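Student: Letter by letter, the chains look like this.
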Amino acid sequence: MSTLSIENISMRFDLPNGGHVQALKDVSLEIKTGELMSVLGPSGCGKTTLLNIVAGFLAPTEGRIMLNDHLVTGPDAERGMVFQQGALFEWMSVRDNVSFGPRMAGKREKEWAETVDHLLDVVGLQDFKEKAVYELSGGMQQRVALARCLANDPDVILMDEPLGALDALTREKMQGLVLKLWKETGKTIILITHSVEEALLLGERLLVMAPRPGRIHKEYRLPFADDGVGKDLREVKKNPEFGQKREEILSMIWDMEEEIMGRTEEASA
Amino acid sequence: MIILFIYTAIFVAAFFIVRMGVSKFRQMQDFTSLKTVTFGDESAVRPDRWASVISVVTIFLLWGAFTGSKWVPVHAPGPFVGETEFTYTMEAPDGARDDATVYARVFNVGQDAEVPEVDPGEGFAKNDAIKVGAWRSELLIMDKNDDVKRKEGARIVAIDGQPIAPGESVRVADGQVALTGKGSINFSPAKGMQMEPIWLPAPEAVVARVGEIASEGYQNFTLWQHLFWSLFRVIVGFIIGAAVGIPLGYAMGLSDWFRGWFDPIVEFMRPVPPLALIPLVIIWAGIGESGKIILLFLAALWIMTISARAGVSGVAISKVHAAYSLGASKWQLMRHVIMPNSLPEIFTGARVAMGVCWGTVVAAELVAAEKGAGMMVMVASRFQNTDIVIMGIILIGIIGYGIDILMRKAEAWLVPWKGRI
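Quick note, the sequences are listed as chains F and R, same order. Under our numbering, the first residue of the first sequence carries the number 1, and numbering increases by one thereafter. Under our numbering, the first residue of the second sequence carries the number 1, and numbering increases by one thereafter.
Isolated chain F, as found in the complex:
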């Protein structure tokens, strides 16, 4: 079984004024194939930096990322990414967006047509496949982004607040879709979110990060993602254990935020 291992990652960069920022300090993690890990933390805790390092967009100052026993040095099709705003290509139809990966890999249409059509079915966009992406709603665009990522069949899917820009109802539907796709495809997923509920609902593992320097604060193993597959997620939220975990994590993040505020006040005083 291959794993994604994050080994002693530190990220520190200089500022033009001579100071420096310690964005991440000594972060180590091991994620097994097929795990869904959600990452939570107050703003500035380095979660997006961590994701960008895993994706290969940033080079860490210390440590390394290993995937399937080889070193990650840059972006690659084995690590797909879903962005907050879709990052779709407006000049392509929905179908062309979804088939972008296979087409870039030089595959011919008959090689990918079936997969792409199946994915469009799964995300419910079969009727929209010839539409321009700018004609779709925000939720539909995000489903295109999910399908586009899956069409490329990556080993790991990295999601950077993929549902952050959606309204509450659409968001709930999309959470169900993410769970369904995760179970169906068995992909390893790292999901960054600002929503504690979303992190609890979707994360098989939940990582809470702390800021200054960015580090792992606490890790949970949760049953809700498995419970929630194919079910009404609102039922899962009624679970008393769910409510209890939510309060625990919320107050943990609140404390961190207040600590940051206090420190800033001290600094300015």
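It should be emphasised that the hints constitute simulated quantities derived from the structure, not laboratory data. All figures in this text were calculated on a predicted structure; none of them were measured in a lab. Please note: incorrect hints may appear among the correct ones.
[What the hints assert, rightly or not] Here are some chain F residues the structure puts well away from chain R; computed CB gaps all over 12 Å:
| hint | residue |
| --- | --- |
| 1 | Thr3 |
| 2 | Glu7 |
| 3 | Glu78 |
| 4 | Arg79 |
| 5 | Ala113 |
| 6 | His118 |
| 7 | Gln126 |
| 8 | Glu135 |
| 9 | Met140 |
| 10 | Arg148 |
| 11 | Pro223 |
| 12 | Val236 |
| 13 | Glu248 |
| 14 | Leu250 |
[Unchecked claim] Restricting the straight-line Cα-Cα distance to at most 30 Å, the calculated cross-link-like pairs of lysine-lysine (DSSO-like) are:
| hint | chain 1 | residue 1 | chain 2 | residue 2 |
| --- | --- | --- | --- | --- |
| 15 | F | Lys173 | F | Lys183 |
| 16 | F | Lys25 | R | Lys319 |
| 17 | F | Lys32 | R | Lys319 |
| 18 | F | Lys131 | F | Lys110 |
| 19 | F | Lys180 | F | Lys129 |
| 20 | F | Lys187 | R | Lys330 |
| 21 | R | Lys330 | F | Lys107 |
| 22 | R | Lys126 | R | Lys144 |
| 23 | R | Lys319 | F | Lys110 |
| 24 | F | Lys187 | F | Lys129 |
| 25 | F | Lys187 | R | Lys319 |
| 26 | R | Lys144 | F | Lys129 |
| 27 | F | Lys183 | R | Lys151 |
| 28 | R | Lys409 | F | Lys180 |
| 29 | F | Lys107 | R | Lys319 |
| 30 | R | Lys418 | F | Lys129 |
| 31 | F | Lys180 | F | Lys238 |
| 32 | F | Lys131 | R | Lys330 |
| 33 | R | Lys319 | F | Lys131 |
| 34 | R | Lys182 | R | Lys151 |
| 35 | F | Lys129 | R | Lys409 |
| 36 | R | Lys330 | F | Lys110 |
| 37 | F | Lys218 | F | Lys173 |
| 38 | F | Lys110 | F | Lys183 |
| 39 | F | Lys131 | R | Lys409 |
| 40 | F | Lys131 | R | Lys418 |
Think of the CB as a built atom: it goes at the ideal place given N, C-alpha and C, for glycine as much as any other residue.
On the provided structure of chain F, position chain R as indicated by the hints.
Tutor: Structure of chain R alone, referenced to chain F:
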């Protein structure tokens, strides 16, 4: 002044007429028409097409009315044409006075006219006759046929009974009579309120010129050849400018070294108006085609470079990351993400560049050229062919407007996602 007043009056009157009359027929209830707050809501301000039509018609009406056009039923009073007369009173040195009549025939310039025959009449001051072109004036040495000359001390004391002295002027029936410093008569027939054709020809004269120059040509080239050459220079100059500028802009948007190398050049050349380069280009390349095309190339180059560079920097980083994460190579990223993503910016630049090129080519042809729309206008102005000048200006305007419309159509067709992201 009077024209401005009439124009304002038509503006206001048309406003009320359209509002009272036509708006009753417009029952369409789209979303904007239901807005109650329109003052200050720019999106609710839609051009009233009635106003546009009336505006254009008004300009032509005023033009026709003040040039005596046959196409327009109402005219401003024109210059006096026909027979008129006035009298002058001559005082001899001994104090004796005698009246004489001046018969004037005012004719349209360009037509033949004879000086009318007159009877000299009684007294020492004899009757005179003159011919004057409309809008012109005529000097009359009235004492040539008189018995007492100015040299002998005779002088004019009144015109039509109104006292006058040298250097003064008085109004007569159909014009104005002035006495020169030496005491001779200068008659200017009434000019009316119309424009002389040499200032502003009537619309039909301009249209007739279009037909004439289209078939017979002007300065060795027909109208279409003049316009074709101007357009040809613009298009060739623009295409070369874009062919160099767009790759250069991409390179500046993608490479530190290119950005650093060309930044000072581009930033320096951008604010230099292309017109300022005309003298240098003429020195280097002469007034032939190559000089014009070099100038237009330079006019288009910087605009296209900057817009292509802006197009590259306008690519959202998440799209670049997405493409790499999906396995795209650098070249594929360029071809499938950066180039299409920069198209809206490039089109905006192309529209600006075409506008600048069109203005520059006309200016360059005004300075020196063997053919072209600007050259046609310039040569015509030297020969006071105002109708050709006006025709040229109108055609230059129409073509410039047409270029912009075509570019917009192309943009809507090629970049449908512009402004919708």
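Student: Confirm or reject each hint.
Tutor: So, going through the hints one by one against the coordinates:
Its beta-carbon lying about 20 Å from the closest one in chain R, Thr3 (chain F) satisfies the requirement of being farther than 12 Å from that chain. No beta-carbon of chain R is positioned within 12 Å of the beta-carbon of Glu7 (chain F); the least distance is around 21 Å. Here Glu78 (chain F) does not stay apart from chain R, with its beta-carbon only about 9 Å from theirs, under the 12 Å limit. With a minimum CB-CB distance of about 6 Å to chain R, Arg79 (chain F) fails to clear the 12 Å threshold, and the non-interface call is violated.
In this structure Ala113 (chain F) is separated from chain R by more than 12 Å, as the shortest Cβ-Cβ distance comes to about 17 Å. With a cut of 12 Å on Cβ distances, His118 (chain F) stays outside the contact zone with chain R, its closest approach being about 18 Å. Every CB of chain R lies more than 12 Å from the CB of Gln126 (chain F), the least distance being 21 Å, so the non-interface label holds. Not every CB of chain R lies more than 12 Å from the CB of Glu135 (chain F), the least distance being 8 Å, so the non-interface label is violated.
Every C-beta of chain R lies more than 12 Å from that of Met140 (chain F), the closest at about 15 Å, which supports listing it as non-interface. Its beta-carbon lying about 7 Å from the closest one in chain R, Arg148 (chain F) breaks the requirement of being farther than 12 Å from that chain. For Pro223 (chain F), the shortest C-beta to C-beta distance to chain R comes to about 31 Å, beyond the 12 Å cut-off, and the non-interface label holds. At roughly 31 Å from the closest C-beta of chain R, the C-beta of Val236 (chain F) stays outside 12 Å, upholding its exclusion from the interface.
No beta-carbon of chain R comes within 12 Å of the beta-carbon of Glu248 (chain F); the shortest separation is about 33 Å. Separation of Leu250 (chain F) from chain R is adequate, the least Cβ-Cβ distance of about 29 Å exceeding the 12 Å criterion. Taking the CA atoms of Lys173 (chain F) and Lys183 (chain F), the gap is near 16 Å; set against the 30 Å cutoff, the hint holds. At most 30 Å may separate the alpha-carbon atoms for a hinted pair to count; Lys25 (chain F) and Lys319 (chain R) meet this at roughly 29 Å.
Distance hint between Lys32 (chain F) and Lys319 (chain R) is fulfilled; the C-alpha atoms sit about 28 Å from each other, no more than 30 Å. Proposed proximity of Lys131 (chain F) and Lys110 (chain F) is supported: the alpha carbons are some 21 Å apart, at most 30 Å. Under the criterion of a C-alpha separation no larger than 30 Å, the hint pairing Lys180 (chain F) with Lys129 (chain F) is consistent with the structure, at around 21 Å. This hinted pair checks out: Lys187 (chain F) and Lys330 (chain R) have alpha carbons roughly 27 Å apart, not beyond 30 Å.
As the CA atoms of Lys330 (chain R) and Lys107 (chain F) are separated by approximately 18 Å, the hinted pair is consistent with the 30 Å bound. Simply put, Lys126 (chain R) and Lys144 (chain R) have alpha-carbon atoms about 9 Å apart, close enough for the 30 Å limit, and the pair holds. About 26 Å separates the Cα atoms of Lys319 (chain R) and Lys110 (chain F), which keeps this hinted pair within 30 Å; it holds. A threshold of 30 Å between alpha carbons decides the hint, and for Lys187 (chain F) with Lys129 (chain F) the separation of about 24 Å falls inside it, so the pair holds.
A C-alpha spacing of about 23 Å is found between Lys187 (chain F) and Lys319 (chain R), which places the hinted pair at or below 30 Å, so the restraint holds. A C-alpha spacing of about 99 Å is found between Lys144 (chain R) and Lys129 (chain F), which places the hinted pair above 30 Å, so the restraint is violated. A C-alpha spacing of about 123 Å is found between Lys183 (chain F) and Lys151 (chain R), which places the hinted pair above 30 Å, so the restraint is violated. In summary, the hint linking Lys409 (chain R) to Lys180 (chain F) is not supported, as the alpha carbons are separated by about 45 Å, beyond the 30 Å threshold.
With a CA separation close to 21 Å, the supplied pair Lys107 (chain F) and Lys319 (chain R) stays within the 30 Å bound. Pair hint Lys418 (chain R) plus Lys129 (chain F) holds up; C-alpha atoms about 20 Å apart against a cutoff of 30 Å. Straight-line distance between C-alpha atoms of Lys180 (chain F) and Lys238 (chain F) comes to about 20 Å, which keeps the hinted pair within the 30 Å bound. With a CA separation close to 27 Å, the supplied pair Lys131 (chain F) and Lys330 (chain R) stays within the 30 Å bound.
Taking the CA atoms of Lys319 (chain R) and Lys131 (chain F), the gap is about 19 Å. The hint holds against a cut of 30 Å. For the suggested pair Lys182 (chain R) and Lys151 (chain R), the alpha carbons sit about 10 Å apart, so the restraint of at most 30 Å is met. A hinted pair counts as satisfied when its Cα atoms are at most 30 Å apart, and Lys129 (chain F) with Lys409 (chain R) qualifies at roughly 26 Å. Between Lys330 (chain R) and Lys110 (chain F) the alpha-carbon distance is near 25 Å, which keeps this suggested pair within the 30 Å criterion.
Restraint check for Lys218 (chain F) and Lys173 (chain F): satisfied, since their Cα atoms lie roughly 28 Å apart, inside the 30 Å limit. Simply put, Lys110 (chain F) and Lys183 (chain F) have alpha-carbon atoms about 27 Å apart, close enough for the 30 Å limit, and the pair holds. Straight-line distance between C-alpha atoms of Lys131 (chain F) and Lys409 (chain R) comes to about 21 Å, which keeps the hinted pair within the 30 Å bound. Using a Cα cut-off of 30 Å, the hinted pair Lys131 (chain F) and Lys418 (chain R) holds, with the two alpha carbons roughly 16 Å apart.
Against the hints set out earlier in the document, violations occur for numbers 3, 4, 8, 10, 26, 27, 28.
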